[in-house]
Amino acid sequence: MTPAPFTPAPPAANDTLLEVHDLSVHYGYGEYATQAVQNVSFRLAHGEFVGLVGESGSGKSTLGFALTGLSKPPAHIEKGRILFGGKDIASLDAEQLREQRHGGIAMVLQSGMNALNPVRSIRNHFVDIFRAHGHVERSRWAARATELIGKVELTPQVLDRFPGELSGGMRQRVSIALALSLEPELMVFDEPTTALDVLVQHAVMNTIIELQKAENFTAILISHDLGIVLESAQRVMVMHEGRIVEDAPARQILENPQADYTRMLLSHYADPRAEVVELPGFADRQQRQNDGAARADGATHAPTVSPRTRRTDQHTMIVENVSKVYPAPRRGEAPVRAVDNVSFTLEPGSALALVGASGSGKSTLAKLITAVEKPTSGSIRFGDLDVGTLSRRNFRQLHRDVQMVFQDPYSALNPLHTVEYALTRPVINFTGLHGTEARRRVLELLDIVGMKPVEEFAAKLPHQLSGGQRQRVVIARALASDPQVIIADEPVSMLDVSLRAGVLALLEDLREQWGVSLLYITHDLLSARVVTDNIMVLNHGAVVERGNTADVLRNPQDDYTIRLLDAIPNPRKEVA
Amino acid sequence: MTSTQAAPRGVDGAAPTGTSPTDAAHAPSPALAAVGYVARKLGLFALTLWAAVTVNFLLPRLMPGTPADAALAKLAQNGPVSEATKAAIEAQLGVPTGNIVEQYFAYLHQVVTLDFGISYTFYPQSVGELVSAALPYTLVLVGLVTVVAFVLGTLLGVLAAWKRGTWLDSVPTLVGSFLSAFPYFWTALLLLFFAGYVLRLFPTSGAYGPTATPNLSFEFFGDALYHGVLPALTILITSLGGWILGMRNTMISTLGDDYVTFAEANGLKPRTIALRYAARNAILPNLTSFGLALGGVVGGSILVEQVFGYPGIGYLLFNAVTNQDYPLMQALFLMITVSVLIANFLVDILYGVLDPRTRR
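Chains as they are written, first to last, in full-length UniProt numbering: chain A, 1 to 576; chain B, 1 to 360.
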């Protein structure tokens, strides 16, 4: 695509559309208020495309909701002004605010998947807006809805569908068309593509960029992904802990970032096709490995009750010609081939990346390997175990050696139990240790995953931990049985970029120090490049490309792999 | 630009023109889909109905002996029973004839012709007569009150959720949950005592006055309504709170849903958001409870009918059980089962109309 223009005109005073002056948004009041947005000031000129970047908790969404007058209690504007076309948004009453939404500020929400009323047809969504603002004559309703849906590259047939009949990408496109129907001067996109598959994400972003040019509205793109923002926005504001730490043209952010925080964010982006890929978390790995060596020499005070591994022999996971066919979801449709004739072997201590977009069969394959699902044909062998026909009674045997790390660390831990409890259960179940011995093993596990001081972390509840720390607990839990194979299903996709590298480095350590083999399921090619030796690209359940990770990514052969690589937002791609 | 664009369109299904063949397969014509949906639900209904009827046939036959045996055993305690007495009792109560298959078909025939035999308790009235006399009272009293309670409670619940934190929320919620915590019969006794005996506002028992005769005159209807006020109030008071709370809670959760926030961001009118977005989705789970409640209507409200001496199905059922009146019980149980099935079927159809997600 064409490079985004990197030199915005400096906003002239008379061209100002939005002026935010010393804005603070708090959750709650008084001493205990959370100061989500603190003293933020900026100015937007007509026609600008501005990115607002920050990690979770930076206050970027809170700011977006304040700008659109959608803050809900306990969030409230503590002080400051939001001047839009000369009027202060914060001082409008509910009805004035509602009326200004036509021709004013529109918003596209983060979870576009759920932004549509499930019991209302798409057409009625448009009609509701037309009726509320009266800006389209009744006789033109149908024509206008068709026109708008065409702008987001959907067919008019979509108008008579219900939201549940549309894919995630289509739903998000409908949301954008609905926001457009307000003829807004300013569009606020709050993480518009986060919940979408990587290829769809790319397509929807392209639509947004083109629409902005064609319709000439002013846009704010809120995202946690600096890559996406740098690809589309002319100007970027970086937010950290409620403040805007940097506000500069995109090119300047990329080439000459001023704030330490911006530099840190940028350091986590790399091109998976580069000759050498370095991520920050891996820089101190050497250091940690030295620590490990010292520990092995006995020069450590970490509690050690069990030998490094009790295994005498390691097994290879052999998957041969495996297919999984699900019956047709509705009558008259073809059965779904989720996994189509896949073969691979996972040697002890090796790491294999399983890459593909959503629906490519990655997760189904993981279910087959853990015997959660039975293959329709083909065989899966692990040592003496025939995983494909394993009976429920023999699951324990398999699960002692094959453990799973899930995508979402926020829902993988019971919020009512402490970390110690979460880890003690599998320790008792799989190792037979009890009492103080079990406790020592739990502390040892926490030590392995780098949660120190261990005693302190053991006593914590999940909500007291960050996403990265939770994912470490989930990994520690998977390690409780001293497994040979860990299947990590998108283990870092829910985490902020600054936390990802640490978790990836941990997985790498486990492999090198403990000989755990790793099946790394992801759509994130960069992390696949960093963590694995070999890669397998899946499309519609079938392997379309495989080989050494660096080789495949640097020199992709399959069209699908090339598209996946192209879809990765990468700030440096434009410059290179 | 062109290459990056051409690829993704296929990915999220945003084909620029025309309807793809898969689209056509996904969306058969709405009318056809509706017919298919109703036909499937109807088939399921017929199957469950047959199962219920058959179980109702089998259950008594799994018990040892016949009603005549039981009666004879009782008589035998007072001395030997003559052959003539035995024959007389067997003739009176009936003894199964033929093998089980013949009995089953005979039974099916009886069910279809609504012939459930003679009641033991109200001998020599037939079960059919008893039920058809009691049914209208229960249907009108309990049925009407259930519908009114649902509609009123749902409206109050919508209002409470929409005006959350104001008196419109706190008063109905508090009063509703307080009143629904009362046991049925206790509310009934209180009403009976104060409104009936102390203030003498309403009659204390029966479905109509001692001088009235059931007919289709306005006079009789007025009298019946007058007699129905206290039992109706009892049921309303104790069931209203549940509907208010149920609707309020589901609506508060739909108010937090993204589509409500997005509707707000699009500047829809508050009324549209409250009714067509929040309430419209919130009512769906409550419909299931309403279906169950409707099905329960035919069973009557045993305690309320008992306290007020109201001659409905609940009253009849109570008498049938205490007097071991098997024919009456069997007919009543069958009727309750069937009405629960019918109510669920109707709610299923309603669900299909209201929620496009269930129509697949």
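Please note: incorrect hints may appear among the correct ones.
Below, a sample of chain A positions facing chain B; criterion: calculated Cβ distance under 10 Å [stated by the list, open to error]:
1) Ala-94
2) Leu-97
3) Arg-98
4) Arg-101
5) Ala-106
6) Phe-162
7) Glu-165
8) Met-494
Coverage of chain A stretches by chain B, computed from C-beta distances (three or more under 8 Å per stretch; other residues unrestricted) [to be verified]:
9) 174-180
10) 214-221
In the EDC-like style, the derived pairs of lysine to aspartate or glutamate whose C-alpha atoms are separated by at most 20 Å in a straight line are [unchecked claim]:
11) Lys-72/A to Glu-129/B
12) Lys-269/B to Glu-137/A
13) Lys-79/A to Asp-93/A
Since the hints were made in silico from the structure, they are not lab data.
Glycine included, each C-beta is placed from N, C-alpha and C at the ideal position.
Checked against the structure, which of the hints given earlier come out wrong?
8, 10 and 11
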